Structure formats: C-alpha cells, structure tokens
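Following my numbering, the numbering of the sequence shown begins with 101 at its first residue and continues without gaps.
Treat the hints loosely; a few may be bogus.
[As the list claims (entries may be wrong)] Only pairs whose alpha carbons sit at most 20 Å apart, straight line, appear in this in silico SDA-like list of lysine to any residue: (1) K423 / M506; (2) K423 / L454; (3) K423 / H459; (4) K299 / L289; (5) K423 / E363.
Just so you know, the hints here were simulated from the structure itself, not pulled from any lab data.
Owing to the predicted nature of the structure, the values given are computational and were not obtained by experimental measurement.
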Amino acid sequence: MEIFRSLRSIAAADNRERLLWAVRVRWLVIAGFFLLAAVARALGVLPSLVACAAAAGFGSILNWVNHWCVARWQLVRLATALAIPGDVMLITYVMMHTGGVHSPFTMMYVVQVVTTAMLVDLLVAAGSAAGSVVTLLGALLLEERGMIGAPAIGLIGADTSGYRLLWAGFLLYCLGLLVFLGGYVSERLRRSERDLAAKNERLRGALGSLEVAHADLASAYERLRVAEVQLVQSERLRALGQFVAGIAHELNNPIGFVAANVEYLRRHLLPIQHMLAAYTAAPIPPPDRDRLAEARRALRIDELLGDLPSLLGDCEEGARRTKQILDGLRAFARSDRCEVWERVDIHAALDRTLTLLRHRLGPRVTVDRCYGSLPLVDCLAGQLDQVFLNLLTNAADAVGDAGRIMIQTRFAREPDPELPLGPHVVVAICDSGNGIPSDVISHIFDPFFTTKPIGKGTGLGLSVSYGIVSRHGGTIGVESVPGAGSTFTVCLPAQLKAACGNGS
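Starting from the given sequences, assemble the full structure and let the hints guide the process.
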C-alpha cells in the first residue's frame, strides 16, 4: 500500500523537474551502455550486439514514451509505474545475454536503484532493488533447471585484457553517473537550504509582523476596555449629573426664600428695636411699668434682641454657603450636556472644587492657595473641573486627617524648552503626604492602576485626567519624594482652542 501511495504522490506538480531529470539520466545510461557494448564488440569481448541493440532500442522507446508523458504531464503515474519495472527487466535481459553474474553491466542495477530512490522514495527504491535481485535469481534458477534456454550470446574471453578493460570502463562510467547523481542531489540540497532559509526569513518577517499586529490588537483591546469602562462611568456620571442638577434646582428655591427672609428680618429688626426702646421710654404708671419689666425679663427680650443680629448673620452665612455648594453642583452637572469651549477662570474652578471637597478634608488639613495672575483659558470647563477634582481628591487622601495641601498657579509667557508648549498656564497641586514609591510612579497614569484598597478606587482617575489634559493640548506630570509628599503639575496652553481645534 505504501508503494502505491508513493507512486500516486509522484504525480504532484512539484515533481515534474525530477521526472524530467530521470528521463535525461536514462538517456545517458542507454547511450553509455550501447557505446561500451560497441567497444566490447570491437575488442572481441562480445560476439554480437544484437541483444544489446535490442535492449537499447526497447529502452529508448520506453524512455521516449515516459518523456512524452512527463512533458505533457499526462499519464505520469502509469508511465512511472511502467518505467521502473521496465528498467529492471531490461537490465536483467542484458545481464543474461552478456555473461549473467559475470556481466560488467551489473552495475546498472546500482544506478537504477539510486535513480529510483532519488525519483520517488526509499521504499520504492528498496522494492526496485528487491525486484532486481528476485528477477535475476529467478532467471538464473530457471536457466539452471533448463526451463528457459541459455543465452545465445554471452561473454567470451572472460580472462582477457579486453574483458578487464570493459569492466574498468563500465565501472568508471557508472561511477561518473553516481557522481553526477550525487552532484544533482547536492545541488537540490543546496537549493532546498536556500529556499528554506528564504522561507525561514519570510516566516520571521511574518512572525514579526504578527507580533506587531498582536501587540497592536492587545493595545487596541486595552483601549477599547478602557473606553468601555469610561463610557459606563460617563453614563453613570451623566445620570448622576442630571439627578444632582435637579436636586440643586429644587434646593435653590428654598435657599433663596431663606436668604430673602433673613434679609427681610434684618431690614425690619432695627425698627422693632426702636419701637421697643420707645415703649420703654414712654411714661407708664409704676404698677404697669413693673409688670412690663417683669414680662420683659421673663421673655428675655433684651437677650434675644442682642442675639438676633448674630443669628441672622449665621443664617445668611449658611444660606450663602449652601448656595455656593449648589452652584458648584450645577457647575459639575454641566458635563451631562454637550460641552463647548468657553473661557474659564482657573482660580474659580479650583475654588469651586475645594468647596465640594470641604467634607473630604480632615479637621487639621490646611489648604494654601498661592494664586498668580492668570488669563482666562479656553477649555471644556466640565472636563477641567474633573481633572482638578481627581487631583485634589488624591491630595486629600494622601494627607489624611492632618497635613497641608498647596495650590500654586502661574502664567508662563515664555515657551518652555522642555515642553511642546508656547505661553501656558501652570497649576501645581502639592501635598505633604507619604509620597509615591519609585516603582509605582512610572505606572501612575496607567488605566486601572491604583494603590488604594479594593473598593476605594477604580484606577481611572489619573488616567482619565491624563487623557483630558492631552486632549486640551497640555501635559500632566508628577514629582514625588517618598516621605515628603507629591506634586502634580498641569500645564495648559494659553490658546487651547487654537491648539486643539474644536476639541475633537
């Protein structure tokens, strides 16, 4: 079965060159055999050329048919299946008519087996060799038993110098053929090595391209994952913003009433005080005066009149702070609408953020505001508020219940050679916390990277801030000394709209 499978595989298109090469080798063998046979006849070693001529003629016809099939790529399996046993039969015929086992043409078996092995595979070559041995032994056995006639023509003068010359000549010829076959094999090996090296190089290039593509896909997947999380967070914040905006609107009216009523009370408190003073100064009979004085002391009118201004002041301050918080909530709720570029006061944005974070600051946390003179900046106000909220929240978490947070701002009119910016605004937020370890600071802006306990942080705050600042055409960086606190610096171009187009 394996032999038939090998013969079926010989018809593969990439074997055409090998089959044509086998045809050429067979022509060389036939021509060399007949030439040496003619020399043997001239030397008197062979009495006749009839058997050799018949074998050469039949072999030529068989090889021509094989060449026709291979050249037109038709009936290739059949031609190859007939050519291999045909060669064995012809070689056996020649040997039987040129001295049997003493024939110098026995070397053609070696050439035939080697050629077959190179043409198909080792199994078919082994079958060919076994077939050659069986055929020769069978012919000799049949001749020994008289079942076939002895060859009419054989070698003569086996001990003559002509016989030895014939042996030497055909041996050299066969060795030359084997060298030719070896050279062909060597050339095919070198060609295969070159092809393999070229394919290996192409595979390496393809592997490199695949690795790059894999890295790009991994990066794209990570970006998509981050975008998905940010989208979910954005939708949640959008809904929360709408909810907060509604609450702020609903609370704004009662606070307005409180502020208006407090102002009304303050405005009419003085006339009431004047009226009570007039009643006190009015001439009243002593019994009535004593009764009114006792009632005044019992009702603590004087104490109440003394406390009312401060109480009204506290109410006004509370209403003012509540309105400030509501204004901050409405400002942060703007992110639920399609934001547009607008000119924003950076200091007002920072103050608004600090108002919202007042409950996050510990009782012994000091906030120092070192504000420089800044121009109004073109930006997406809601996004910039989110950056300041993230940075100040991290600073508040870093200092804990006691510490110091410093906010410094300045306007750099001259371009910074270390930054790809022209005139720009600088906002530095410093804290007196424990600082950031050096092995952590290189990943501080990576998505989902956080040093906070599970449930305390998503790892997206600084990553989102980095993206917002980048979209504004600015830079954000961090400097930290373990044990001495950290400083986050945001640099924004003075002409953001010109740098970023329409914010796309």
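Now for the hints, and whether the structure bears them out:
no.	hint	in the structure
1	K423 / M506	violated (26 Å)
2	K423 / L454	holds (15 Å)
3	K423 / H459	holds (16 Å)
4	K299 / L289	holds (15 Å)
5	K423 / E363	holds (15 Å)
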